[in-house]
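The primary structure of each chain is shown beneath.
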Amino acid sequence: MTMQRMALFRLQRKYAPYLFVTPFIVLFLLFGVYPLIKSLVLATYITSGPKSHLFVGLENFRFLLSDPDFHKAVRNTTVFAFFSVFLQLPLSLGLALLLNRELVKGRDFFRFSFFSPHLVGQVFVAVLFSVIFIPQFGLLNRVLHAVTGLALDTKWLTNPSLVMPALILTSLWMYVGFNMIYFLAALQAVDRELYDAAQVDGASAFQQFLHVTIPGIRPVAVFVMVLSTIGSFQLFELPYVMLGNSSGPEGAGLTVVMYLYNNGFVSGDLGYASAIGWSLALGVLLISLVQMRFTGTWKREE
Amino acid sequence: MHLKSIIDSFPFGKAPFILLVVTLFAGGWLLFHPIPENVATLRFWTFAKTHYNAYQQIAPVFEAKYPGTKLDIQLVHGDAVTTRLRSAFWADLDVPDLVEVEISSAGSFFRGPIDDVGFVDLTSWLKESGYYDRIVQTRFAPYSNRGHIFGMPHDVHPVMLAYRRDIFEAEGVDVSKIETWDDFIREGRRLTRLNERYMIELSDSGASNLEMFLFQRDGGYFDADGNLIMDDETAVKTVTWYIPLVAGPNRIGSDLGSGRVFTQAIEQGYFLSFICPDWRSKIAEVDVPRMAGKMALMPLPAVEPGARRTSTWGGTMLGITKRCENKDLAWELAKHMYLDPEELAQRFRDTNILPPLRDAWDHEAFKEPRPYWSNQPIGTLYAELADQVPSQYTSPFIATAKDKMSEVISACAAYYRAHGDKDFETYVRTRLKQAAEEVRTYMRRDFN
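Those protein sequence lines, which keep their order, are chains A and B.
Heads up, the first sequence is in our numbering, so the first residue is 71 and it goes up one at a time.
Heads up, the second sequence is in our numbering, so the first residue is 120 and it goes up one at a time.
Warning: the hint list may mix true and false statements.
Pair ranges (Cβ atoms, derived) [unchecked claim]:
hint	chain 1	residue 1	chain 2	residue 2	range
1	A	Q304	B	K296	54 to 62 Å
2	A	M76	B	N157	24 to 32 Å
3	A	V149	B	V180	54 to 62 Å
4	A	F90	B	V405	52 to 60 Å
5	B	R536	A	R177	43 to 51 Å
Mimicking SDA-like on lysine to any residue, the simulated pairs with C-alpha atoms at most 20 Å apart in a straight line are [as the list claims (entries may be wrong)]:
hint	chain 1	residue 1	chain 2	residue 2
6	B	K413	B	R427
7	B	K296	B	F136
8	B	K552	B	D342
9	A	K121	B	L212
10	A	K84	B	G132
11	B	K413	B	E288
12	B	K521	A	Y252
13	A	K84	A	I95
14	B	K521	B	M562
15	B	K168	B	V407
16	B	K486	B	M417
17	A	K142	B	Q553
18	B	K446	B	N157
19	B	K133	A	G314
20	B	K552	A	P138
21	A	K108	B	S206
22	B	K521	A	N315
23	A	K84	B	F136
24	B	K356	B	D540
25	A	K121	B	K246
26	A	K84	B	K133
To spell it out: a stretch of chain A is covered by chain B in this simulated footprint if at least three of its residues, at any positions, have a beta carbon under 8 Å from a beta carbon of chain B; those stretches are [stated by the list, open to error]:
hint	segment
27	82-89
28	120-129
29	159-172
30	198-209
31	331-343
Derived by calculation from the structure, the hints in this document are not laboratory data.
In this text the structure is predicted, and so the values were computed from the model without any measurement.
C-beta atoms are modelled at their ideal positions from N, C-alpha and C, and glycine is treated no differently.
Given the sequences, and given the hints that come with them, work out the whole structure.
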């Protein structure tokens, strides 16, 4: 190899990595960092129409504190996140445990079946469940009427007290199988020898689950929990489509992101929408930190 | 062999090399295949498929009339029209030359200083051309702001009542004797069987039906000056009257939703009637074809004898954007689309939508009997009600007001189910005041 080629190779080795990361850095700065900074600036303005802005400092954040619709959105989103996470995770783990057993016939088929709702996307699922929840002629009411005698005209999506259960049920159908995949992967990574040792020590199946499985899958469980919480707080498409571009009866389906969208893109107050966005981001960050603190994530890493 | 040596000599391995090649190839392809330059003289967005189909037929005629003109008519989803257009106005980006905007979002484009509104003020053009006086006046209200008309009305949308003629006749209902809502409710209580059959499709959770009754009583969300009136006495009386129709043991109305469920509900006689603006009569023809000949239309019952027999539901405006470079040509296109009697007649046949231009209603198309509607000349029926159509004033805060009114309806229905008439009017008044106050809080934040 000539000296010239060697020099070229050395130059490549030195600068090529920067060349490779440059497109990402440029795009990230342009479409990630700049909008973030811009939205933070916007959050200190009230916008009215396409060109008028009035600097109001922290007024948008102060208004948030007294805004009943924002409170409602936070309440709804928190309820959704709580039930989603605490129903989804046990169900996903249960399914994963079941489908991890060699005794179950057709495991691959079931794994794919449970995972498949996630492949079609939220909008499709929302449309599908809008039809399922239809009063009088919908599948769910027909089945429940036949089995439990529930009134055929039960209005899942127009009765304020049924909207949230309907949304949670829909999200369970979509995400239980998805989270199951994480748990399956985690279960398969648990060292078999630990189970053998536990059996030799006389541990029951439940004790093995408690003392071997749970510690073994804890990092993944924390990851799934944090991810599900963040996803739940970003809820938008499901209620938006299922409730016909509205917040539902008495605002029962209003979520924080929907409220952000309504303010920014329906009412045209981008400043207030930005303030909502930042509040949401900070709230989710705080909740995630609390979750990680209580699940001992950092302690373990130390 | 040469390629293999290149790959082998690439210092970061095979996969990055392939990624790099793919990236270069894709980038190069994009570079040499730029987006075709827009050669259209006028670009036009519409959100309604029926409008789009009709305008496609108009385009060649207009292009022939104005040689050198090229129209680019695009069908854009309703929500996308609003968000894309608003974003384009904000960012001062490319916007269409003409655009149709749905009535419920029109008001939001009038926010801010009047000079910042992205649409051309059509007031002088409409008045100088004489069209202002030939168009149903009330239809300018939703598209006007602070004395400026920013949109040309596409329609009148008078409301009638569509009913299952076969069942009404079998049950001995004589629609000619139904003059007021009291008459209608009396018949409704006789025919309704809870959870099996309802006299009318009415919502107990949304405001879309209620607002028609508000308009019929000259109420609404906002007055002509943009003041919020959703908690005035008319609103209190209307909500107090409306809720017992959809809640409680004597209800005569229910709501299932739109689409296929509506089709089933009409076919199976679950709903015996429904509020039917002109546009919805076409939807019924298309979605519930098996009811052809079994349906008929009647004027909306009046609040009291001799009072208004209609209301209004929905609407569309045509706006010319300020960025349009050929404004005069855009105005010519607007006139061709919205004010040419021949075009309007054909469009009525296609859509059942009554145009706001009075001259057009004399055309034969509006007098033709329609077999679906038991051979009624529905054009004439709707046209006869057009001048009674109430004004519908709007505001940039209309969406918020509608949301709040929907919340009131839902809450009042729940209260009525639980407590009946006891203190009901007081409750309605309190809820309306509370809702209106919340809207006013948002309005006070606006600094223009």
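Evaluated hints:
1. The hinted range of 54 to 62 Å is satisfied by Q304/A and K296/B, whose Cβ atoms lie roughly 56 Å apart.
2. Roughly 52 Å separates the CB atoms of M76/A and N157/B, a value that falls outside the hinted 24 to 32 Å.
3. At about 57 Å, the CB distance of V149/A to V180/B agrees with the hint of 54 to 62 Å.
4. The supplied range of 52 to 60 Å is met by F90/A and V405/B, whose beta-carbon atoms lie about 55 Å from each other.
5. Between R536/B and R177/A the C-beta distance comes to about 49 Å, which sits within the given range of 43 to 51 Å.
6. A hinted pair counts as satisfied when its Cα atoms are at most 20 Å apart, and K413/B with R427/B does not qualify at roughly 26 Å.
7. Note on K296/B and F136/B: the hinted pairing is violated, with a Cα-Cα distance of about 83 Å set against a maximum of 20 Å.
8. For the hint linking K552/B to D342/B, the alpha-carbon distance of about 16 Å falls within 20 Å, and the restraint holds.
9. Between K121/A and L212/B, the direct Cα distance comes to roughly 13 Å. Compliance with the 20 Å bound is thereby established for this hinted pair.
10. Proposed proximity of K84/A and G132/B is supported: the alpha carbons are some 15 Å apart, at most 20 Å.
11. Proposed proximity of K413/B and E288/B is supported: the alpha carbons are some 10 Å apart, at most 20 Å.
12. At roughly 43 Å between alpha-carbon atoms, K521/B and Y252/A are farther apart than 20 Å, so this suggested pair is violated.
13. A threshold of 20 Å between alpha carbons decides the hint, and for K84/A with I95/A the separation of about 18 Å falls inside it, so the pair holds.
14. For the hint pairing K521/B with M562/B, the CA-to-CA distance comes to about 14 Å; that is within 20 Å, so the pair holds.
15. Distance hint between K168/B and V407/B is fulfilled; the C-alpha atoms sit about 18 Å from each other, no more than 20 Å.
16. In summary, the hint linking K486/B to M417/B is supported, as the alpha carbons are separated by about 16 Å, within the 20 Å threshold.
17. Note on K142/A and Q553/B: the hinted pairing holds, with a Cα-Cα distance of about 15 Å set against a maximum of 20 Å.
18. Using a Cα cut-off of 20 Å, the hinted pair K446/B and N157/B holds, with the two alpha carbons roughly 17 Å apart.
19. At most 20 Å may separate the alpha-carbon atoms for a hinted pair to count; K133/B and G314/A exceed this at roughly 50 Å.
20. Taking the CA atoms of K552/B and P138/A, the gap is about 15 Å. The hint holds against a cut of 20 Å.
21. Between the alpha carbons of K108/A and S206/B the distance comes to roughly 15 Å, so the proposed pair stays at or under 20 Å and holds.
22. Straight-line distance between C-alpha atoms of K521/B and N315/A comes to about 13 Å, which keeps the hinted pair within the 20 Å bound.
23. Between K84/A and F136/B the alpha-carbon distance is near 17 Å, which keeps this suggested pair within the 20 Å criterion.
24. The hinted pair formed by K356/B and D540/B meets the criterion: a straight-line CA distance of about 13 Å does not exceed 20 Å.
25. Pair hint K121/A plus K246/B does not hold up; C-alpha atoms about 29 Å apart against a cutoff of 20 Å.
26. At roughly 18 Å between alpha-carbon atoms, K84/A and K133/B fall within 20 Å of each other, so this suggested pair holds.
27. Given as covered by chain B, the segment 82-89 of chain A passes the check, having 3 residues with a CB less than 8 Å from a CB of that chain where 3 are the minimum.
28. Requiring three or more residues with a Cβ within less than 8 Å of a Cβ of chain B, the coverage given for the segment 120-129 of chain A holds, as 4 such residues are present.
29. With 0 residues bearing a CB less than 8 Å from a CB of chain B, the segment 159-172 of chain A misses the requirement of three and the coverage assertion fails.
30. Under the rule that three or more residues need a Cβ within less than 8 Å of chain B, the assignment of the segment 198-209 of chain A holds, with 7 such residues.
31. Requiring three or more residues with a Cβ within less than 8 Å of a Cβ of chain B, the coverage given for the segment 331-343 of chain A holds, as 8 such residues are present.
Violated hints for the displayed structure, listed by number in ascending order: 2, 6, 7, 12, 19, 25 and 29.
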